[in-house]
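In order, the protein sequence lines correspond to chains A and B. Per my numbering, the very first residue in the first sequence carries number -14; after that it's consecutive. Per my numbering, the very first residue in the second sequence carries number 6; after that it's consecutive.
The set of hints was computed from the structure by calculation and includes no laboratory data. Certain hints may be false.
To be clear about the criterion: a stretch of chain B counts as covered by chain A if any three or more of its residues have a C-beta under 8 Å from a C-beta of chain A, and this derived list gives those stretches [claimed, not checked]:
#1 51 to 58
#2 161 to 169
#3 214 to 225
Virtual Cβ for every residue (Gly too), placed ideally from N, Cα, C.
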Amino acid sequence: MAWKIFLFLLLSFVSVAGIAFPIVENPIHWYQFPLIRGLEQNAKIIFFHVPTAWLTVIAFLMSTIYSVKYLKNKNLDDDAKSYAAAQLGMIFCVLATITGAVWAKFAWGSYWSWDPRQTSIFALLLIYGAWFALRSSLESEEKRATLSAVYSVIAFLTVPFFIFIMPRIMKGLHPGSADDTNAGPVVNFKMNGNMQLIFFLSLFGFTILYFWMWNIGYKSLIYKDRINKIYTRG
Amino acid sequence: MSVKAYSLFRKDFHSELRTRYAVNSLVMFIIVAISVILFSIGTEKISQSLTAGLFWVVIFFSAMSGLARAFVSEEERGTTMTLHLIASPSTIYSGKLLFNLILVFMMNIVIALLYSAFFDAFIIKNFLLFVVTFILGNVGLAVSSTIIAAIIAKAGSKGTLYPVLSFPILLPLILLVVQLTLNSLDGTSFEQSVFELAMVVCYDVIMLAASYMLFDFVWKD
């Protein structure tokens, strides 16, 4: 219970700090962020866009890990965990796409320009959309779990290419692409100390939120399943 | 194991020859797809990059039309159980993969010939690069399509689900080979394309290894 209160306070602080702290030319106070050329007031979206993208990858990684566990043990609980993770991954993927498109509008001029990183997040949407489509076409519980686990592993083999390789080697608009001069990891991106702190707090807070949601999600799936089984057994 | 796989391939090959499904329906599909594109273009002149992309569009949809047969026909004819009895999963996968490989190569040679005939911009300047891209791309296409065909053979709405499942898996391959095809039409040297070729080889190897390991799970009931 205590950690839930802590999480609430943390995320409230991060949201307020992320949205309300002013961006000024020469930050003096601890609650002021530096001005970044080209972004000015809109830099604050970084506190929300990067965590959603990060969580997408984490969620899909966990979905695949539990798929592999299911293939080894054939325990349907692992399938429920995999499904809960994939649901959350899908939500965060959509959020990452939307926040990315909003950022693209004021940074690059248009919502969608088929920049490599935009293409890869779209490919991720397709992969996991296809995964859900496959699951809904299979009736038998075990077959559904097995086949979607196999597809999850195959699909996850292409994810590192889409997320880590393709956007870095191809020319594009997103920071970190092949022709990005102020390159390096995104964090060296001219954020000063307290901006980096808020950023990492945001990342941390959202990750804990994800694990909490995943926990509730898979438990409710397992309980629903067990209740159904008791009911149908009569 | 390879003798058994080869005999499985021969069984499929002979039964296809008997019905001539591959020759009739698939070639007609290819002709129809290319005709639709030609009609949509009309008298417009299209660029090389567009032609390279459209080449692989037709290849992708022809593959989606034809490659599921390897497994779906077994389910339809009810011979899956017999296959279970006579061979181990990896042997069966090898046989089906060989069949799909031959099918993909034959289809794509037809598509390449038709493209050379009907599309002005499809003039291959770097032939070696084109051949290497063609071979590596077709291998990747066949490998990914075969494992996905195995998955959907057990699913419900097979026809519509097959392209939906295959496209995201094939997307890295398609992005790479479209760029490589464009390079071969442009006349870019082989040395400059080595990076993309290496990535296609990586994709082929990874998908092949993963397919063999995962096929056991798909095949066992």
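In rising order, the numbers of the hints this structure does not comply with: 1
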